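Q: Going letter by letter, the sequence shown gives residues 1 to 112 in the working numbering.
Quick list of the computed label-pair ranges, beta carbon to beta carbon:
| no. | residue 1 | residue 2 | range |
| --- | --- | --- | --- |
| 1 | Ser-6 | Val-69 | 38 to 44 Å |
| 2 | Lys-72 | Tyr-25 | 49 to 55 Å |
| 3 | Gly-20 | Leu-62 | 46 to 52 Å |
It is worth saying that the hints were derived from the structure and are not from the lab.
Note that this is a predicted model, so its numbers are computed, not measured.
Backbone N, C-alpha and C define an ideal beta-carbon position, used for all residues, glycine too.
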Amino acid sequence: MQCPNSKPTKDAIIKAAYGGEYEVYARKVYLKSILREEHAPLIQRIATLSDFIRDVTFRAQLFVNYLSVENKERKSSSSRKATIDIIKDNQKLPQKKLRGDVLLHRHRHYNL
1 MQCPNSKPTK DAIIKAAYGG EYEVYARKVY LKSILREEHA PLIQRIATLS
51 DFIRDVTFRA QLFVNYLSVE NKERKSSSSR KATIDIIKDN QKLPQKKLRG
101 DVLLHRHRHY NL
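Input sequences plus hints: build the corresponding full structure.
A: Structure (structure tokens):
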């Protein structure tokens, strides 16, 4: 018995539409080749956003690693309390700027 809210898979939809035998092809093209010249700023914004997301992901992973290492030795009953203690300890650190326009927080995981 299936859930009434379940959706069919891509394979099931294609089999229902075209029968049992089918082949799927994919064509990969560069985004620049399918957009017009007036969309050049869009491509730049996508690249900038992609860089930002990659940077945030990297910094988040550094923070998780830092917390893991710091909390390994602690025998705290609450991980929330340990996290608050670490953040309080780090508030004494100076703020640092990245790329001249982004003000970073004072946590150690941001000091690269």
